[in-house]
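Chemist: Top to bottom, those sequences are chains A and B.
So the first sequence is residues 1 to 322, counted in my numbering.
So the second sequence is residues 1 to 315, counted in my numbering.
No lab work stands behind these hints: they were computed from the structure.
Predicted model only: the values in this text are computed from it and were never measured.
Every residue gets a Cβ at the ideal spot worked out from N, C-alpha and C, and that includes glycine.
Keep in mind that a hint or two might mislead.
Claimed, not checked - One side only, chain B facing chain A, incomplete, derived with CB under 7 Å: (1) D2; (2) Y7; (3) G8; (4) I225; (5) A229; (6) L264.
The chain contents come next:
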Amino acid sequence: MTELLQNLINGLAIGSVYAIFALGYTLVFSILGIINFAHGAVFTLGAYFTYTLVVGQFENNGLIKGVNLFPAGSPFHGSAWAFAAAAVIGALLSGVVAVIIERLAFRPMRARGADPLLALVSSLGVALVIVNLIQILVGAESYSFPTDIYGDLKPALILHVGGKLVVVRTVQVIIFAVSMVLLLILGYVIGRTRTGKALRAVAENPGTASLLGISVERFIVITFFLSGFLGGLAGTLVSTAFSVAGPYFGVAYGLKGLAVIVLGGLGSIPGAVVGGLVIGLAEAFVPAQYSAYKDAVAFALLFVILLLRPQGLLGRLQIQKV
Amino acid sequence: MDFLQTYGFLIVTMLQQGLLGLSLYFPLMAGQLSLASPGFYSLGGYIAAILLTAPQFAPWRDALGGWIFPVSWLLSALASALLGVLVGIPALRLRGIYLALATIAFVQILQVLSLNLSITGGAVGLFGIPQAFGFVDRWQYVFVFLPTVLIVLLFAHRLQGSRVGRAFRAIREDELAADAMGIPPTRYKVLAFVIGAVVAGVVGAMSAPFLNTWNARQGTFDASIAFLAYTLIGGSRSMWGPLLGGALLASLPELLRGLADWRLVINGLVLVVASLYLPQGIVGALGRLRRPAPPQRPAPPAPPAVRGPALGDTP
Numbered sequence: 001m002t003e004l005l006q007n008l009i010n011g012l013a014i015g016s017v018y019a020i021f022a023l024g025y026t027l028v029f030s031i032l033g034i035i036n037f038a039h040g041a042v043f044t045l046g047a048y049f050t051y052t053l054v055v056g057q058f059e060n061n062g063l064i065k066g067v068n069l070f071p072a073g074s075p076f077h078g079s080a081w082a083f084a085a086a087a088v089i090g091a092l093l094s095g096v097v098a099v100i101i102e103r104l105a106f107r108p109m110r111a112r113g114a115d116p117l118l119a120l121v122s123s124l125g126v127a128l129v130i131v132n133l134i135q136i137l138v139g140a141e142s143y144s145f146p147t148d149i150y151g152d153l154k155p156a157l158i159l160h161v162g163g164k165l166v167v168v169r170t171v172q173v174i175i176f177a178v179s180m181v182l183l184l185i186l187g188y189v190i191g192r193t194r195t196g197k198a199l200r201a202v203a204e205n206p207g208t209a210s211l212l213g214i215s216v217e218r219f220i221v222i223t224f225f226l227s228g229f230l231g232g233l234a235g236t237l238v239s240t241a242f243s244v245a246g247p248y249f250g251v252a253y254g255l256k257g258l259a260v261i262v263l264g265g266l267g268s269i270p271g272a273v274v275g276g277l278v279i280g281l282a283e284a285f286v287p288a289q290y291s292a293y294k295d296a297v298a299f300a301l302l303f304v305i306l307l308l309r310p311q312g313l314l315g316r317l318q319i320q321k322v
Numbered sequence: 001m002d003f004l005q006t007y008g009f010l011i012v013t014m015l016q017q018g019l020l021g022l023s024l025y026f027p028l029m030a031g032q033l034s035l036a037s038p039g040f041y042s043l044g045g046y047i048a049a050i051l052l053t054a055p056q057f058a059p060w061r062d063a064l065g066g067w068i069f070p071v072s073w074l075l076s077a078l079a080s081a082l083l084g085v086l087v088g089i090p091a092l093r094l095r096g097i098y099l100a101l102a103t104i105a106f107v108q109i110l111q112v113l114s115l116n117l118s119i120t121g122g123a124v125g126l127f128g129i130p131q132a133f134g135f136v137d138r139w140q141y142v143f144v145f146l147p148t149v150l151i152v153l154l155f156a157h158r159l160q161g162s163r164v165g166r167a168f169r170a171i172r173e174d175e176l177a178a179d180a181m182g183i184p185p186t187r188y189k190v191l192a193f194v195i196g197a198v199v200a201g202v203v204g205a206m207s208a209p210f211l212n213t214w215n216a217r218q219g220t221f222d223a224s225i226a227f228l229a230y231t232l233i234g235g236s237r238s239m240w241g242p243l244l245g246g247a248l249l250a251s252l253p254e255l256l257r258g259l260a261d262w263r264l265v266i267n268g269l270v271l272v273v274a275s276l277y278l279p280q281g282i283v284g285a286l287g288r289l290r291r292p293a294p295p296q297r298p299a300p301p302a303p304p305a306v307r308g309p310a311l312g313d314t315p
């Protein structure tokens, strides 16, 4: 019983991050019908941006040192507010990077109506460039966030259930809360606002949308910005819970994110949320003695769902036109 | 001989990667983008490595002598074919990006398994694999890989002209129409997938002694993408494309060695630029140079939908 509760908490926390990370993929896929493989690299970048804004110091074997937004002596130094501000700025910068990626690697291809498979390769090239640039600029070390600023050392909640302890870490609460708030905002924007309506129109049919006076190119830029923002923020959240495991940190999450969106239904926004939570929970419930196989869970689920229900849990089946 | 001492390893690597590019070409002949090759490559390598190093196979090795190498290739081919059928029949119900993602998942699952099983040496992998036929120098593997390249090319060439090859092409152009013409798509798609799997598996079995060691890093997502890049950058419509792409991209890190840390960045840039400006691959671009330019027609209006027709988004 205690174990069940503990697994549930761990699964929901990590699953909610998977969900917001995967949303970035799914937004781009629903608009352009392409998979942006550089999304994992943007996730890594988000963590690095936030780290440099909070700590501003990297080990010595890179080319740059970083900037500290709130250096020692400044009013907000070391506070949770400084951290939150850095996380938001980090996510905004990630969004800008995603827009630049779109500009350089996707737009020229779209103008020519090229095979979307080529977009796969070019975005992969971008990922390779970003990851290796990070390595050159700040080195290959892993870093830990100074998580004590928001009291990570003290668990938020310790429950006594049947003589055993269930620990809820503060980081988990923050991750879950931030993810849920973001999802609600995004759900509102896409479901209720004019911008969201236009976005859905572009996703449904870009040709018709542009005939109706919607600037398709502008919404593609907005989509990439949103996608980069969500990806970068997910990077910061995950690395506060664990640590920034070096420049290649996002690659595994990039693949897992693909499993999440296919599981939920490619291009479906609620699908990305459901897929993220399902995979997070499934991983949390892998028994400790099989924990080495944890990374296969997402892909096994992906493989099974593709065979049983290729459109994903919440996806629509599209009719093949002859 | 100095030349071979210096560049032998590179030449063999180019042939080897070219073959892996070709392993993607067979499913592509039937219009199927499969990224499963690294899985079969890894499987073939493990089979060879286990046969060549595990103590329980020592009597086999003594009995077979140098024949153990061809036997390991044969066994890898059989195992890859078997696994290819098992994975191919369900997976090939999917198309386009869905098939690509399912095959990536297949590769990931195999990788996690090989990281954790004891027979594969876990995360450390298998070491001290004996050299094929007692080769002393790495360049001697040219005698293994060059004939294989020639055989695979000849096979691909003969296949293209055959009834089966024409069925592949029909499915690639329009699966529904092919089906209506009485070509069973599933059977041919699985066949194309299995041929690719066998090529990748045999290359793995040949590579294990060549690399001397075998571990889970051989069959990764990065490899899937590298092989895809070979095919797309070389050109996916001709058997020369994947071979050329594999050879070129395998040589790139070596050619850029002087740039040290920056070479992977440049490698990435090459991928971006090539996919942007060589949409038909190098072979496609060369073909356009050689043939007279088609008569000028007014440019077709830009398609209203930005979704790509080739990939589709129907599972």
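Chemist: Would you mind marking each hint as holding or not holding in the structure?
Modeler: Going down the list of hints, with the structure as the test:
no. : hint : result
1   : D2   : violated, 33 Å
2   : Y7   : violated, 25 Å
3   : G8   : violated, 28 Å
4   : I225 : holds, 5 Å
5   : A229 : holds, 5 Å
6   : L264 : holds, 4 Å
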